[in-house]
Amino acid sequence: MRDVAVIGVGCTEFGEHWGTSFRDLFVKAGALALEDAGISGENLDALYVGNMSAGRFVEQEHIGALIADYAGLATNHVPSTRVEAACASGGLAFRQAVIAVASGMEEIVVAAGVEKMTDVGTGASVDMLASAADREWEGFAGATFPGLYAMIATDYMHRYPLTREQLAQVAVKNHENGAKNPIAQFRNRITVDTVLNSSLVADPLRLFDCSPITDGAAAVVVVPLERAREFTDSPVRVLASAQASDTIALHDRRDISTLDASVAAGKRAFAQAGLTHKDIDMLEVHDCFTIAEICAIEDLGFCKKGEAGRLTEEGVTALGGEIPVNTSGGLKACGHPVGATGIKQIYEIVNQLRGEAAGRQVDAEIGMAHNVGGTGATVVVHILGA
Amino acid sequence: MSVSRFWRKIPQRYNLIGTQCTSCGRYFFPPRSLCPDCRRSGKIVDHKFNGEGTVVTYTVIRSASDQFEHTTPYVLAIVELDEGPRLTTQVACLPEEAKIGMRVRSVFRRIAADGESGTIHYGTKFVPTE
Ligand SMILES: [Zn+2]
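Each protein sequence line maps, in turn, to chains A and B. Going by the numbering used here, the residue at position 27 of the first sequence is 27; the numbering climbs one at a time, nothing skipped. Going by the numbering used here, the residue at position 114 of the second sequence is 114; the numbering climbs one at a time, nothing skipped.
Simulated from the structure, these hints should not be mistaken for laboratory data. Any given hint could turn out to be false.
[Said to hold, decoys possible] Here are the computed distance ranges between Cβ atoms for each label pair:
id: 1; chain 1: B; residue 1: I17; chain 2: A; residue 2: M105; range: 46 to 54 Å
id: 2; chain 1: A; residue 1: R227; chain 2: B; residue 2: G84; range: 51 to 59 Å
id: 3; chain 1: B; residue 1: D46; chain 2: A; residue 2: T191; range: 53 to 61 Å
id: 4; chain 1: B; residue 1: G84; chain 2: A; residue 2: R56; range: 31 to 39 Å
id: 5; chain 1: B; residue 1: S4; chain 2: A; residue 2: H62; range: 21 to 29 Å
id: 6; chain 1: A; residue 1: G274; chain 2: B; residue 2: F108; range: 55 to 63 Å
id: 7; chain 1: A; residue 1: L196; chain 2: B; residue 2: T129; range: 32 to 40 Å
id: 8; chain 1: B; residue 1: A113; chain 2: A; residue 2: H62; range: 27 to 35 Å
id: 9; chain 1: A; residue 1: R159; chain 2: B; residue 2: S4; range: 39 to 47 Å
id: 10; chain 1: B; residue 1: L34; chain 2: A; residue 2: S103; range: 29 to 37 Å
id: 11; chain 1: B; residue 1: S4; chain 2: A; residue 2: S199; range: 47 to 55 Å
id: 12; chain 1: B; residue 1: P95; chain 2: A; residue 2: R227; range: 58 to 66 Å
id: 13; chain 1: A; residue 1: E61; chain 2: B; residue 2: T71; range: 39 to 47 Å
id: 14; chain 1: A; residue 1: E230; chain 2: B; residue 2: R5; range: 47 to 55 Å
[Stated by the list, open to error] Listed below are the simulated DSBU-like cross-link pairs for lysine-lysine, each with C-alpha atoms no more than 35 Å apart in a straight line:
id: 15; chain 1: A; residue 1: K304; chain 2: B; residue 2: K99
id: 16; chain 1: A; residue 1: K267; chain 2: A; residue 2: K305
id: 17; chain 1: A; residue 1: K305; chain 2: B; residue 2: K99
id: 18; chain 1: A; residue 1: K304; chain 2: A; residue 2: K278
id: 19; chain 1: A; residue 1: K304; chain 2: A; residue 2: K180
id: 20; chain 1: B; residue 1: K99; chain 2: B; residue 2: K48
[Stated by the list, open to error] Stretch-level coverage of chain A by chain B, calculated; a stretch enters the list once three of its residues show a Cβ under 8 Å from a Cβ in chain B:
id: 21; segment: 126–133
id: 22; segment: 140–147
id: 23; segment: 188–202
id: 24; segment: 246–257
Everything numeric in this text was worked out from a predicted model, so none of it was measured. Glycine included, each C-beta is placed from N, C-alpha and C at the ideal position.
Isolated chain A, as found in the complex (with noise of 0.2 Å):
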C-alpha cells in the first residue's frame, strides 16, 4: 500500500443556494479544489462522489456519470463512482478515493460530496432524513432522524450527569466558530438561551440542538505521497482511513448512548496511524444533533463516557482549548449538506493543518475527522497530519 496525500481543497458556501443548481454546486467545489491543487481535469484518473439522495431531493440518480459530464470530463471517459452511507457519503467517498490512490489503481483522484437539499419542503426533507435509519422498523412507528437522536438523549441524560446547559453550549460554541468561518450557513453567535428558548423538535432536543437543512459541495483531490511535492509545497497526509458498521436500526444497539460503530473506527484509526489521543490536535466531529458531539468525543475515546458536557462547559473543546472540536462550526453552524459534510470535514483540517484557517486557526499539526451515517450504523473516522 502507498501513503496517500491531499494535494487540494475545495468547497462551496454551505446555505439555502436557491438559484444554483446541484450541477452547478458541485462543478463549483470541484473548481475550487482543482484550482487549489495546480492541476486540470484531464489531470485526473478517478472520481469518488458522496451522496445520499439525489434521487429525492432532485429526483436525480446516476451521479457519478452526471459529475463527470458537468465537469466537463466526458470526453475523456473518466471513471466516476457514487458512493451512499447517508450522512458518511462524503467520508466514505474520501475512503474510496484513498484506497484507489493507496492500492496503485489510480493516481490523480477526485473525492467529492454533494447535497442540494431546498428543493423541497422541510416535511419532505424530514421523511428523507429518516431513511438513513431503518424505514420498515423506525420509520413507520414515527421515528424522526431528530426523534432518534432525542432517544439517545433521553438515555444519556437518565444514565450520566449531563446539564441541558451543558449541551446548549455544544451549539454555543459550534456557531461561536461558525461565525469566523466565510462558508458557514450560519455566523451568527448565540447563547445558552438561544437554544433553550428555541422550540421543542422532539424532547429533549430543540431546534437549535439540530443541524440545519443545507445545500452545498466540497471536494478534494489526492494522489500518491511520493508525487505529492509536484503539486504543491503543503501536501497534508493521509495518516488513517478507517470504517465501521452497526445495526441499523438504533434498538438493536448494545448501548443506545454509545455508537459503537464510532468506537471501532477510532480505534482501527488510531492503531493504523501509530498515534494516540494526545498526538491528535483537533477534532472535526458528527454533530448533526448536539449530543451526537458529545458522544462523538466520548466514543472516540477523547475522554470516559459521561465526561463531555464538563469539558464542554470549561471550553477543554473551544478554539483555544485543549482539544478544539468542530473549528469550521460543525455540521450545527457551518450547515449539514448530508453528504457533502464528510468531504468539508477534510477541508477544514486540511485549512487548519496548512494554517490557512483564517480567524480560526488553531495550533495543529495532526487532525481526526469523524463522520457518521445515520444514528451510527456506519462511521468513518480520517486521521491527517501536516
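Let chain A serve as the given structure and place chain B with the ligand on it in line with the hints.
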C-alpha cells in the same frame, strides 16, 4: 410506504409476530431470517410475543414528517419486550406521563395516514399498564 410493502409485513405488524433462533434461543423483533450469533447454522421459527415490555428510552415528537404531522405531539419510545428484543414504537400516553422503566403492553392501533395513496396504516402501539 407502498401498499405491497406494507401488506407484506401485516401479520408481524398486527400481531407482534417475530422470530426465534431455536439453535441459541434468541428472540427477534423486528423479525430476522438470519441469527447474527448462529448465522447459517441457526434455525429460525416464527414467534408470537406476549406484548408486554418496558420503556428503555423515549422522546416526544413535536415536528414530524408529512405522514405523521397531524398526530403530533406523540410519544415515541424504544420498548424492550419481556422476551428480550427491543423495538421502536409509539406509546399512547400523554407526553408528561412517559418515563424510563414504564411498563407497557401492545395494542392494535391506527399508525399513520399515507397522504399520497390515502391508505390508513394500522399496526402495534403500546399503552401503559399501570
Ligand atoms: Zn442463534
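Status of each hint after checking the structure:
| no. | hint | verdict |
| --- | --- | --- |
| 1 | B:I17 x A:M105: 46 to 54 Å | 48 Å, holds |
| 2 | A:R227 x B:G84: 51 to 59 Å | 55 Å, holds |
| 3 | B:D46 x A:T191: 53 to 61 Å | 55 Å, holds |
| 4 | B:G84 x A:R56: 31 to 39 Å | 35 Å, holds |
| 5 | B:S4 x A:H62: 21 to 29 Å | 26 Å, holds |
| 6 | A:G274 x B:F108: 55 to 63 Å | 57 Å, holds |
| 7 | A:L196 x B:T129: 32 to 40 Å | 34 Å, holds |
| 8 | B:A113 x A:H62: 27 to 35 Å | 33 Å, holds |
| 9 | A:R159 x B:S4: 39 to 47 Å | 41 Å, holds |
| 10 | B:L34 x A:S103: 29 to 37 Å | 31 Å, holds |
| 11 | B:S4 x A:S199: 47 to 55 Å | 37 Å, violated |
| 12 | B:P95 x A:R227: 58 to 66 Å | 59 Å, holds |
| 13 | A:E61 x B:T71: 39 to 47 Å | 32 Å, violated |
| 14 | A:E230 x B:R5: 47 to 55 Å | 53 Å, holds |
| 15 | A:K304 x B:K99 | 26 Å, holds |
| 16 | A:K267 x A:K305 | 16 Å, holds |
| 17 | A:K305 x B:K99 | 23 Å, holds |
| 18 | A:K304 x A:K278 | 15 Å, holds |
| 19 | A:K304 x A:K180 | 30 Å, holds |
| 20 | B:K99 x B:K48 | 26 Å, holds |
| 21 | 126–133 | holds (count 3) |
| 22 | 140–147 | holds (count 7) |
| 23 | 188–202 | holds (count 4) |
| 24 | 246–257 | holds (count 5) |
In this structure, the hints that do not hold are numbers 11, 13, in rising order.
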